[in-house]
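A.B. asks: Combine the two chains into a complex, taking the hints into account.
Read off the chains here:
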Amino acid sequence: MTKNIEALVKQLKDQSYKKYRTKTTSEPILYPVDVFGFHIGNNEKKHSLGGNVIPSYKRIISKGFDEIRREIEFSISKATEQSKIEYGKKMLEKMVECIRICDEYREKVKSNSRLYNALQRVPHKSATTFFEACLFMKICIYFLRTANTEHICLGRFDQYMYPYFINDKNRGVSDEELFETLEAFFVSLNYDGDLYPGIQLGDNGQSMVLGGFDECGNSMYNQLTDMCMDASLELNLIDPKINLRVGKNTPKEVYIKATKLTKQGLGFPQYCNDDVVVPGLIKLGYDAKDAVDYGVAACWEYIPSGCGADIPNMSVMNFPLVVNKVITEKLCNCDSFATFMGCVEKAIAKECDRIVESCCDFQHPEQPLLSMFTDGCIETLTDMWRGAKYKNYGCHGTGIANATDALTAVKQCIFDKKTVSVSQLLEALENNFEGFSDLRSSLRNCSKMGNNDEIADDIATQIMACFSKNMNNKPNGNGGIWRAGTGSAMEYILSAAKCPATADGRKAFEPYSSSFSPSLDVKASGLLSIIQSFTKYDMTEIINGGPLTLEIHDSVLKNDIGIEKTAMLVKLFIDMGGHQLQLNSINRERLLDAQKHPEKHPNLIVRVWGWSGYFNELDKEYQNHIIRRCEYLN
Amino acid sequence: MQGLIFSIEEFSVYDGPGIRTTVFLKGCPLRCSWCHNPEGQSYNKEIVRSPNGCINCNNCINVADIVDGKTVFTDDGIKNCPMGLLRYSGENISSEQLCEKLLKNQNMLQSGGVTFSGGEPLAQSDFLLDCLTKLKGKIHTAIQTSGYCDTQTFKKVVGMADYFLFDLKLADDRLHRKYTGVSNAVILNNFSFLASSGREFVVRIPLIPTVTDSDENICGIVNLLKQSGVNYVELLPYNQMAGAKYKMLCREYRPDFDERVAVKVPERILRKNNVAFKIL
Ligand code: SF4
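Those protein sequences? They're chains A and B, same order as listed. For the first sequence, our numbering begins at 671 and goes up steadily by one. For the second sequence, our numbering begins at 4 and goes up steadily by one.
This is chain B alone, in the form it adopts within the complex (with noise of 0.2 Å):
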């Protein structure tokens, strides 16, 4: 079966327990304002153009289409860039080839494994499937996940991967789909199964500044997080850094939020609430 990833990356130390591989599976449901990987969003293969080397010749600009006034890049702009800027975003990839791939650094990744992150890993379930039933019994695997998903097809993930790192990023339903695009119900859903399956987990939060940093929020979060009796959380503090990618797309980043706003971390609330923590 087939899945398109948009980059593997070896000894990514953030992704999960031990040493680990993680893949990124192209394609996402949501829109969070804040998103930092916009490679991610599409489930299409893209042009994406490196700005540094960049001599401005225009060359590739000269031949890119223009759909819905948007600059789109073509084939032709990968050849004739003179500084080797252009290349795709997004490799149509076998699970048999994937997982043949990963499964070299297997005698690396015994204190570890292999992530599946994305975009959405969930997103194209029945190759993720293929994969984590190829690897089954010989490397530890993770799904790192915003949980939005049909609860059907997360059941099934939760029964073949091992460890999820789990997003939890609005407890209200109206917000969360102000600034991710979708209505967070199903994510709780499949969230307080997760907590119900005796699979391993971790939740993270990302910390948004005005966005998901707000006491009610964290509020609202440490609340799901009792319901489930979770009592640790992985916290990424929002960095300005998160528009950096949007370039290479000819998009722009435009959150819906103040960014230079200095994030809130929630030590007091998760403290009382006996929440441990730690900020990656």
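Same shape as in the complex, but just chain A (with noise of 0.2 Å):
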């Protein structure tokens, strides 16, 4: 690292910069240690206006502001529509903002010379050179930040970066100086966090989706890719996130490289497997171009780059919710288990229904900036909720392996091995298992999904296979269609408070599993079972996003010999067809918890010496000394 980024990062965690904002500031600022500038001056918190999008980064860049500017007045010239002429108006008066405000900062950081003279050329132009993309992907984030826009996403940031990049090379710019202006914008995106309107610290959308292949599946693996994994390795900080698009011809060196980023323990590379992402999005009426340059929504939906306004987590489908109902209204009458998965299907059919019905008349606040920022808008001067390509609506599947689980343990206890009656099982789900400890361990001991057991998986398969049915390529009533997907977002929290006892076990309002992962107190065999269960739907089929999260504990990952097998389980994780993974490295706020909540944490597993152990079953000074021993990790 150059003293130059130690500089940038110095002030970045002792926080000194914070002082230069003030409650008035409106413009942005620079601070002391800076390179690329364009701060938030504002120390005031936002509203958010909504987003979820990746900008078109790649046409602003190179076009250049003073460009668009005159494409929005010659739409409006062109245009007979008094709204739309009246909208355009709108953008005109924001892009001549933005302008103004970008030569008034120019005017005031004269002492910084390199700045000064990029900001000459750019925003005004498009970017020449490296150095000038970053300053302007740095303003376009200013501005749509604070036009109120939340998870602004950073898309195919080493694609659309890759012609600057290698221009300079070109010109003789050498690889240090590359890298070093990377890591300044890596190290800038860290600044202001704590304005974001998210709801938690480093939930900010900065998402950034690296390498994959293009429409002849060829490599889009490139020097700047790397670069990019390197910069996230040397200074690991939480922003920006990396997702990593792979496939099946997707060299080890790099899931290699990937899982040393994982060793971090930052949570990231998030996995996105091509293989499995493209087809899917094409199913949904996506045209094979934008398919292939697909990114990600603020932490793993699938969506187009520059040229969508998907909406994809509108909607959550609360499987367990959904399960619980047909159980206490359907399930004395079902004499078989058909029967009664018959009523679950229905269930799930008209929940969908449901949810498509209640949201067709949503409507977006108008988000003139980031139309601009939108390809087809401008031509149109249409919002880009009503006027972009892609209009699409995503809805979670929340809680799919609780409710697998709970169906299973239906099948085995209820109708196969006939130990539970259906009264029983009524009385103790409305008693939260009060008085039925019994009858809890039998509903607990059943299989479960994860555990590469065919009953539960097949199960899962036949809940998600009509979810994906009833769900996919419904119309939304704003010109686009829905999506089924695996996540969970924040409602593996929210939907589960609103959920009472469910038959797997699980008492009332206690969480699910996040996203698409086993159920939190299932003890599963390992994490091979564990992928074997999770890639056995054709995820194709439920591609809105959502990933499998497994934990490692990062012992597995102290030397090469774990390094590679860990890669190397998450290149079979992609070629056995699963869709998309976040591997964790266990770290040391999980153990705390783990200490406190043991129940929590049935699975984590924690490498010892030379040998493995569950955390749980480790003596309090034992799971002491491992937090003690990964603590200067943190």
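Hints are supplied without guarantee of correctness; some may be wrong.
Below are the DSS-like pairs computed for lysine-lysine, each with C-alpha atoms no more than 30 Å apart in a straight line [what the hints assert, rightly or not]:
{"id": "1", "chain 1": "B", "residue 1": "Lys104", "chain 2": "A", "residue 2": "Lys922"}
{"id": "2", "chain 1": "A", "residue 1": "Lys918", "chain 2": "B", "residue 2": "Lys82"}
{"id": "3", "chain 1": "A", "residue 1": "Lys1193", "chain 2": "B", "residue 2": "Lys141"}
{"id": "4", "chain 1": "B", "residue 1": "Lys267", "chain 2": "A", "residue 2": "Lys1228"}
{"id": "5", "chain 1": "B", "residue 1": "Lys82", "chain 2": "A", "residue 2": "Lys1088"}
{"id": "6", "chain 1": "A", "residue 1": "Lys1193", "chain 2": "B", "residue 2": "Lys107"}
{"id": "7", "chain 1": "B", "residue 1": "Lys141", "chain 2": "A", "residue 2": "Lys918"}
{"id": "8", "chain 1": "A", "residue 1": "Lys693", "chain 2": "A", "residue 2": "Lys728"}
{"id": "9", "chain 1": "B", "residue 1": "Lys159", "chain 2": "A", "residue 2": "Lys922"}
{"id": "10", "chain 1": "A", "residue 1": "Lys1270", "chain 2": "B", "residue 2": "Lys141"}
{"id": "11", "chain 1": "A", "residue 1": "Lys1206", "chain 2": "B", "residue 2": "Lys141"}
{"id": "12", "chain 1": "B", "residue 1": "Lys82", "chain 2": "A", "residue 2": "Lys1290"}
{"id": "13", "chain 1": "B", "residue 1": "Lys107", "chain 2": "A", "residue 2": "Lys922"}
{"id": "14", "chain 1": "B", "residue 1": "Lys181", "chain 2": "A", "residue 2": "Lys922"}
{"id": "15", "chain 1": "A", "residue 1": "Lys1088", "chain 2": "B", "residue 2": "Lys104"}
{"id": "16", "chain 1": "B", "residue 1": "Lys104", "chain 2": "B", "residue 2": "Lys159"}
{"id": "17", "chain 1": "A", "residue 1": "Lys922", "chain 2": "B", "residue 2": "Lys48"}
{"id": "18", "chain 1": "A", "residue 1": "Lys930", "chain 2": "B", "residue 2": "Lys281"}
{"id": "19", "chain 1": "B", "residue 1": "Lys267", "chain 2": "A", "residue 2": "Lys1087"}
{"id": "20", "chain 1": "B", "residue 1": "Lys82", "chain 2": "A", "residue 2": "Lys1177"}
{"id": "21", "chain 1": "A", "residue 1": "Lys959", "chain 2": "A", "residue 2": "Lys1088"}
{"id": "22", "chain 1": "A", "residue 1": "Lys918", "chain 2": "B", "residue 2": "Lys104"}
{"id": "23", "chain 1": "A", "residue 1": "Lys1193", "chain 2": "B", "residue 2": "Lys48"}
{"id": "24", "chain 1": "B", "residue 1": "Lys267", "chain 2": "A", "residue 2": "Lys930"}
None of these hints come from the bench; they were simulated from the model. Since the structure is predicted, the reported quantities are computational estimates derived from the model, not experimental observations.
C.D. replies: What follows is the structure, given as structure tokens:
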């Protein structure tokens, strides 16, 4: 790390920069140690008007604001509809304001000659160098954020920035210099995190999507991709969050480098499988060229780059709640498990209809700035939420594992072994298992999703298939369609807080597993079985996004052997058709939580010394030891 | 045929090449002073208690048996623990069931395979051989062993398994007896057989402070390696977590060496003798 970058990181970590913000500043500010500037000067948190899209940085940076402004003026001059002219004027006004702010800012930062010189060109004109392109990005991000958007993603940075990168290289700029510019840009993304309108610190959508394959299957992993990985490794900061697009032809070395990143314990990269995502998006009606250019919204929702106004987290299918309702209302009338599953499928279908119905007249507030950043909106002078090429809605499928386990327990306890009667089950659920501990343990002893068990996995496949069939491609009333997914976002807490005790033995209001993962209290057979279970369904059918989350103790990653094998495991997951993977190296916080709430972490395996054990089964003093051991990692 | 196992661990990264599942067989003839896996010692099922979440209600203790002055948990303890902390360690399983279970992940074990560990897997040699026969040609098999078993049996296993992780602890027989409870004569015999058999294997040395990490012992082991033409070892440095599992069995961990002494990694001796090594 160079001295300059060290200074930037230091200023970030000691938070000394925050004192330069005020309540009244409406202009961007430059910090004492800075490279690109354009930090938010106003220390008040903004409310959010929505976002969750990938702007067309590629188009903006390659055109420049002057050109964008001319395009808007041209469209206005051609327009006949008054409403379009009005909207065009809003765009124009916004663009003129952005240009003015940049000009004023330039004059204020004269002392920083590099920045000053670059601002002579961008954002008026297109970027020519990598430095200008990064600065232009920073300018775009500044304006988008101050326009009250949220979760504005960085998209395929290594692709749209590559022309500037390679141009510099051809001009003789050294790799070292390019790397320093890149690192400075990465560090700058970590400033102002506290001003973000998101729920949790770090939940800011600054996701970057790297690598992947083009329409002909050629790898898009380039030198800039590699530098992004290296910068992330070296900086060890939470932004940008790295999403790595991989596929069956991704070489092992890429997985190994990515696993080294996992070792940092920040919870990324997250892996996206091109072999599943691209065909999945095409099935949902995306053009092939847009499908191969996919990225992720804030967390993991798959969206197109630059041309979409999809709302991938429009609604939630609360699977366990749906299953619970069928159990309480219909189970007593079912003479076989097949009949009962028929009722469950009907209920899922009905819930899909209800969700579609309830969202059909959703209105997003107008966003003229973000619309200029969305392909096609300037030509038609329409707001993106109506004018973008893709306006699809996503529905998370939350609690899939809990619902599956509940259904499996019904099958095994009520129908197969007949160890529990319907009335007993209903009474136990109603009483949140108070006084029914034996019954609860028989429910918990049934087959579970995540153990590579056919019974449970078939049930999971059945409910997911039903969800896909009844949700995918349904018109959303906004010129788009619906997409089913496996994500939960915050819903594994929020939806779960609405759900009483469930037949898998889960107590009322306890959280579900997050996204697409085994239920929390399931002692799974191991990582291989989990991967087997979570790759059985054809994931192209349920591609709104939502990762399988696996925890790996950082001690597994302590040397090359563990890193290489973890990389091989990820490759297996991808080759087996998994759609998305979030691999966590266990960190101290989680261990501390496991110490307080062992029941929440039954699968937490720690490598102790040439052997492994369940964290829960270690003595407190040994647990403390492990916690101490990983303290220096944080 | 039935065997007794106490754990199956998927994706065990340090138990042989590639992605593997390790099966832990219960029972061991050695009593290494540094043993970290006391569950693996007894040939019988035992009830173990996870210490975390315990509310000290003593329900388990009140119904426990006292055998030779030691607390032994009972089935009633499992039933009575309000926190569900007691469980059986040790599961009787047939070789058919076990192999079926292992082969369910065959598609994921192509780069690696299955490792039998313990305890001492050779202590249940009939069961082990039965499993190896059933897995032959389907999946790569490895044996993690102390090498302590009669030579006839050892030869049979070498004939069946694909790979060995062979522990060499102490070169000196007197010390070997002192710290592990058994002589190393048969171990060294088996080792030279393995080395001349053409089977793939790796030698592992547990580095126990003041016991196995002494220059003398390392030189002794290096001599053994040289005699067998071995030029690579894996080192397992002692970690103070070794005693973590004893309390689960109501046992005390009392190693007869000072575990606070730092482990010496014998880099110099190994380098000088051209023995490559990796620290696990
Ligand atoms: S019964 Fe359970 S909670 Fe009570 S003392 Fe024993 S282990 Fe602890």
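A.B. asks: If you test the structure against every hint from before, which numbers come out violated?
C.D. replies: 2, 8, 9, 10, 14, 17, 19, 21
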